[in-house]
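Use these hints to put chain B onto chain A, whose structure you have.
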Amino acid sequence: MEIELKEIDKNRWLIPKSGNMRVPGMIFSSPQLIKGLLKDQSLAQVANVASLPGIVKQSLAMPDIHWGYGFPIGGVAAFDIEEGIVSPGGVGYDINCGCRLMTTSLTLDEIKPDIKELISALFKNIPAGVGSEGHVHLTKKDEAKVAEEGAAWAIKQGFGQIDDRERTEDYGALPGADPSTLSERAVKRGLDQLGTLGSGNHFLEIQVVDRIYDEKIAKLFNLSEGRITVFIHSGSRGFGHQICDDFLKEMGKEAHIKNIQLPDRQLACAPITSDLGKRYLSAMACAANYAWANRQILMHLAFETFLSTLTISPRDLRMRLLYDVCHNIAKMETHNLDGKDRSLCVHRKGATRSLPPGHPLLPGIFQKTGQPVLIPGDMGTFSYVLAGANGAMELSFGSSCHGAGRLLSRSMAIKTAKGRSIYRELEDKGIFVQSRGKETLKEEMPEAYKDVSQVVDVVHETGLATKVARLRPLGAIKG
Amino acid sequence: MGDKNSQDYILLDHTADMGFEIKGADPAELFKKAGQALIHIMFGAVPATGADKVKVSLKSYDLSDLMVRWLTEILYLFEGERLITTDIIVDSLSHETIDATLMTSPFDPLKHEILREIKAITYHQIDVIQKDGIWKARVIMDL
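In order, the protein sequences belong to chains A and B.
Using the working numbering, read the first sequence as starting at 1 and increasing by one per residue.
Using the working numbering, read the second sequence as starting at 1001 and increasing by one per residue.
Hints in this document: simulated from the structure, not taken from any laboratory.
Quantities reported herein were computed from a predicted structural model and do not represent experimental measurements.
Built from N, CA and C at the ideal position, the CB exists for glycine as well.
Warning: the hint list may mix true and false statements.
Stated by the list, open to error - Across the chosen pairs, the derived CB separations fall in these ranges: (1) B:Leu1011 <-> A:Ser120: 27 to 37 Å; (2) B:Asp1013 <-> A:Leu5: 20 to 30 Å; (3) B:Leu1058 <-> A:Asp9: 50 to 60 Å; (4) B:Lys1131 <-> A:Glu83: 34 to 44 Å; (5) A:Pro53 <-> B:Ser1057: 48 to 58 Å; (6) A:Asn125 <-> B:Gly1080: 19 to 29 Å; (7) B:Pro1109 <-> A:Asn125: 10 to 20 Å; (8) A:Ser313 <-> B:Ala1048: 55 to 65 Å.
Isolated chain A (complex conformation) (with noise of 0.2 Å):
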């Protein structure tokens, strides 16, 4: 599928409407980061969402942009409630993967000493890797609960505490999620993965802070260079795997019945007023939640961690929740289109939401600052800490990138590693990592990855987030 891409400015190019294209697509990217999509057949997945019905203004790339399944990661895309479509495609199997930081008030000097060995404990205290089961073992009736309240059954249980949950998106909790809409096996496949990290590339890592950008804001979220920050990247394990496996099961056969056709079978979708269509939202929501909770426990293991393994009181340690974000998930928002306010279903996949100062979503402690963006690195690499800016109303529905993107697939990464310990090269850079799966360090190199500072550039330059500081890691465990 040739796609045709005209450049709009530095860091847009539009993919104009053609074929089936309901609207047009717009790329946010640089000249050197959009040399990379020609490769793939990332611009077509972001033509292919440009067909779905009641899309509106155009179907959107971030900066990481990928080739994914069905939808690009990266994309984002809203749709008209009444005369739109919701897509678990567009949401992805890990609902509400997503990020969460925290700082602490330790510094750089005073804990180089311990890395290793607060790396070590973190790798036994925080299960993870394939199919791992975690401390919390959940009756039906409690994982119904999570399922409704997110991260509040979590504070309810001592994870953490009540503020919590005005420093993370969504306070926690989606509204509407449905118990009754998850099938045996996904009720099943919940029970004992709460508290868990998972897999591939996730994990969770200590990191300095390295570099300010803005001191005002960086102040208000209690950011200052040589900090210590703990860093969370997780999501519904396989609960939320299942919820996307069965809508995807039954609006595929929905289509078939109904004889539509799909520019690829993982875009299966179905009207948001469908009674189908609203009982994925009911199980989106319900795994939206359980990822709130389980990234809720996984904080509080590792503010235990550090707790036992420095001994030290958590006054000394002074371990915050600066935020939490979700980058894969479908929400009822309400976006200016044309002047006039409209409720719009915005799918983000693999995009964070990125909501500007004085927004009314935001709590009080954020409304001068605008929400704290998160953005993962790799383990060689820097993250960043942004915070949400008008742009991104004005171009993205309020959305944002979700972190570096990977460049290389995990075979290529693989053979890119054939002969070179991955662990030694990044212990002479000073990153202690540990990790349970065997081709895990090698598939999640730093060279698998685009570069995050120039996709973190596109997003500060064009307006859609603002920087405010660069974190650099010092240790990971990973699953």
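Same frame as chain A, now just chain B:
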């Protein structure tokens, strides 16, 4: 399911995820080989020593959808039931149904090495076709 699996499928490069292609003389062989490829990607060579039979009966509307459902079933047996499929007997297969007997073994971390977690079998570019008398399938997995 021994080492021969590694030659019975071709891994496909996909930036975010991973896929594989298989060939078979007929749909039954194709489905068997696809199941074996999935197990090999997840666990490497697994000895065919599983003694617990699991009967699988699936219905669909075409072979491509049936392939996704079939592999998803094998994946679920591990993810949901902690059973590793060690051998596959396709009892019958039509354009829309498959009946199979899976020989399985309970997952034992001391005996089985997990090479890779697969989140799901996707519908992205799923393709089951017959060309020049050979049956072929392409499957993309979410990792």
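Quick check on a hinted range of 48 to 58 Å for Pro53 (chain A) and Ser1057 (chain B), using CB atoms only.
Violated, since Pro53 (chain A) and Ser1057 (chain B) (Cβ atoms, about 35 Å apart) do not stay within the stated range.
Cβ-Cβ distance between Pro1109 (chain B) and Asn125 (chain A): within 10 to 20 Å?
This hint holds: roughly 18 Å between Cβ atoms.
Go ahead and decide if the range 19 to 29 Å is satisfied by the Cβ distance of Asn125 (chain A) to Gly1080 (chain B).
holds, 26 Å
Does the Cβ pair Ser313 (chain A), Ala1048 (chain B) satisfy 55 to 65 Å?
56 Å Cβ-Cβ, so the 55 to 65 Å window holds.
Is the hinted range of 50 to 60 Å satisfied by the C-beta distance from Leu1058 (chain B) to Asp9 (chain A)?
At roughly 51 Å between Cβ atoms, Asp9 (chain A) and Leu1058 (chain B) fall inside 50 to 60 Å, so the hint holds.
Taking the beta carbons of Asp1013 (chain B) and Leu5 (chain A), is their distance inside 20 to 30 Å?
holds, 23 Å
Cβ-Cβ distance between Leu1011 (chain B) and Ser120 (chain A): within 27 to 37 Å?
holds, 33 Å
Holds or violated: the 34 to 44 Å window for the beta-carbon distance between Lys1131 (chain B) and Glu83 (chain A)?
Roughly 40 Å apart at Cβ, these two residues keep to the hinted range, so it holds.
Taken one by one, the earlier hints fail for this structure only at number 5.
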